[in-house]
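*Asks:* As a plain string of letters, each chain reads:
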Amino acid sequence: MIITKAKPFPEILQSLERDKVIFLVGCSECATVCKTGGEEEVKAMRDHLEDEGKVVSGWVILDPGCNLLEARKEFRKTKEEIAQADSLVVMSCGGGAQIAQEVSGKVVHPTNNTLFLGTVKRFGQFQEYCSMCGECILDLTGGLCPVTRCPKGLLNGPCGGAKDEKCEVNPDNDCVWIEIYDRLKEIGRLKEFVASSVQVHDYSVNTNPSTLVLERDEARSDNR
Amino acid sequence: MTSLQQALTRGEFAVTAEVAPPKGTDTAEMMENAEFLRGKVHAVNVTDQQSSVMRLGSLASCRLLKESGFEPVFQLATRDRNRIALQSDLLSSYALGIENVLCLTGDHVTLGDHPQAKSVFDLDSVSLLMAAKGLTAGTDMAGESLEGVPTFHLGAVVTPGYEPMELQLLKMERKIEAGAQFFQTQAVYDPELFGRFMEAAKALGVPVMLGFVLLKSVGMARYMNKNVAGVNVPDSIIDEMKKTDDKVATSIKIAARIIRQTREMCQGIHLMTMGWECHVPAILQEAGINI
Ligand code: SF4
Ligand code: SF4
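Going down the list, the protein sequences come from chains A and B.
Last residue of the first sequence: number 224 in this note's numbering, and the count goes up by one each step with no gaps.
Last residue of the second sequence: number 1291 in this note's numbering, and the count goes up by one each step with no gaps.
These are calculated hints, taken from the structure and not from any lab test.
Any given hint could be a false lead.
Example chain B residues on the side facing chain A (calculated, C-beta under 10 Å, incomplete) [what the hints assert, rightly or not]:
1) 1105
2) 1124
3) 1141
4) 1161
5) 1171
6) 1174
Quick list of simulated restraints, FRET-style, between CB atoms [stated by the list, open to error]:
7) B:1110 <-> A:195: 30 to 38 Å
8) B:1066 <-> A:121: 47 to 55 Å
9) B:1084 <-> A:130: 20 to 28 Å
10) A:120 <-> B:1200: 37 to 45 Å
According to the in silico footprint, chain B covers these stretches of chain A (three or more CB under 8 Å from chain B) [stated by the list, open to error]:
11) 154-160
12) 167-180
13) 196-204
Glycine included, every Cβ here is placed at the ideal spot set by N, Cα and C.
Input sequences plus hints: build the corresponding full structure.
*Replies:* Right under this line is the structure:
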């Protein structure tokens, strides 16, 4: 899931300096779980903005905020409210904010900073396990990702800096390379790692902006 | 062949020490510090933005030292440059007559003086060694042939005091397979531990130079114990430093003693002097090392 964190309200307010009438857009998925763009937060934002003298013409929660077709459908239903608005305040990830602009043609203001692709450890606690490198090597590394969980993204073994098995960069974290080593030993795959060729990441696979179009057959089976 | 390489291949006890480029363009102090090392060491390491602190470049400093008649070891870290720049710097290094290259990953930028900078880490120490070795075979990482092929004497680092030691040895093995021809270790103060490490490392068949950071004070020893991974200054040494009225003399005595105790275990010594280059001659004399 995409992890977002709300910007401080004064910063949001400042971005709305030129606007009087606002339409709010939330997201039913990631931003809801992150408490940055679900119904509760959207309503609270409405109240805050109204307290500051803004007029909120309406709001909608997209399911999810980053889906263009969903935005088209919902924005059609709320056409009038959007038309009245000077701008859209979008409470989802950066992808959702741009979709909202693309579909509405309005100026958008994001309320969130988009941080990372996160796993949910428990309610309200997220952790980055995968940074979408495009060439998954988890099979070689015992199911633990060094690209993401080692701050240096080392692919060929640990640096010399772990102290008491904690990472030299952030001692709150375990050194993932020691975890990988333990895990590979446990599952009897250390030898394969040692024998593997020098790992070098191919960054050409993740040149921004990435796109992916499924082949027709794939798309169909996916929809089934 | 570099004289460091010659010493290591001939089985002579090799000696290197380290100088740090200045923060700024005034190289006078670095050159003065290097003067103390003249004739005493096989080569002088030049750190590359050590601890992620922005300084004058290692390569330019290496060239200045070379012009003054020293043999440099160019330390090259992958933190700040992608594979294009790293390979280019390797070619530049050779073109400037510098063939000893110590390949490092480097500390993370958040530990230095520009924590806002983007970390690169396009390669790591292992893939950098592989790239450097590839260049010496006439091709770059893209598989393109070079016009004019460099030769290098490639070094790497290893931390003998690392826990678990086996993991550090595995990494060391990967570095050797990738191209490492010699190792300089993280600082070691415990000959017994170093002996155990060398017992295992010996089988890998690559020369190892014991790394040693000169102890300037009790505070520094304590700081390293607390903050520097794999470094442990034993209490007995801290006590020795505590009791002395002459810190310099005691520091020299400790260094010389550890060199004597470990001399038979390894192939050389790498002194990390932290500005105390002036005491290197005395240490080597007391340790009975003459190059
Ligand atoms: S290697 Fe790590 S970052 Fe890359 S896809 Fe796999 S989990 Fe994600
Ligand atoms: S301590 Fe471990 S996780 Fe941290 S940077 Fe070094 S290898 Fe990576």
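*Asks:* The hint names residue 1171 (chain B) as touching chain A; please verify it with the least Cβ-Cβ distance against 10 Å.
*Replies:* Holds: closest Cβ of chain A sits about 4 Å from residue 1171 (chain B), inside 10 Å.
*Asks:* With 10 Å as the cut and Cβ atoms as the points, is residue 1161 (chain B) at the interface with chain A?
*Replies:* holds (9 Å)
*Asks:* When you take the CB atoms of residue 120 (chain A) and residue 1200 (chain B), is the distance between them in 37 to 45 Å?
*Replies:* holds (42 Å)
*Asks:* When the nearest CB of chain A is found for residue 1124 (chain B), is that gap smaller than 10 Å?
*Replies:* Result: holds, 5 Å to nearest chain A Cβ.
*Asks:* Just to be sure I understand the hint, the distance between the Cβ atoms of residue 1066 (chain B) and residue 121 (chain A) should be within 47 to 55 Å; is that true here?
*Replies:* holds (53 Å)
*Asks:* With 10 Å as the cut and Cβ atoms as the points, is residue 1141 (chain B) at the interface with chain A?
*Replies:* Nearest chain A Cβ about 8 Å off; hint holds.
*Asks:* Taking the least C-beta to C-beta distance, is residue 1174 (chain B) closer than 10 Å to chain A?
*Replies:* holds (5 Å)
*Asks:* Taking the CB of residue 1110 (chain B) and the CB of residue 195 (chain A), does the distance hold inside 30 to 38 Å?
*Replies:* Since residue 1110 (chain B) and residue 195 (chain A) have Cβ atoms about 33 Å apart, the given range 30 to 38 Å holds.
*Asks:* At a Cβ distance under 8 Å, does chain B reach at least three residues of the segment 167-180 of chain A?
*Replies:* Coverage by chain B holds for the segment 167-180 of chain A (4 residues, Cβ < 8 Å).
*Asks:* Quick one, is the residue 1105 (chain B) hint okay against chain A at 10 Å, beta carbons?
*Replies:* With Cβ-Cβ at 6 Å, under 10 Å, it holds.
*Asks:* Counting residues of the segment 196-204 of chain A that have a beta-carbon nearer than 8 Å to any beta-carbon of chain B, does the count reach 3?
*Replies:* That given contact holds, which follows from 5 residues of the segment 196-204 of chain A lying within Cβ reach (below 8 Å) of chain B.
*Asks:* Cut-off 8 Å, C-beta pairs, minimum 3 residues; does the coverage of the segment 154-160 of chain A by chain B stand?
*Replies:* Result for this restraint: holds, n = 7.
Checked against the numbered hints above, the structure violates none of them.
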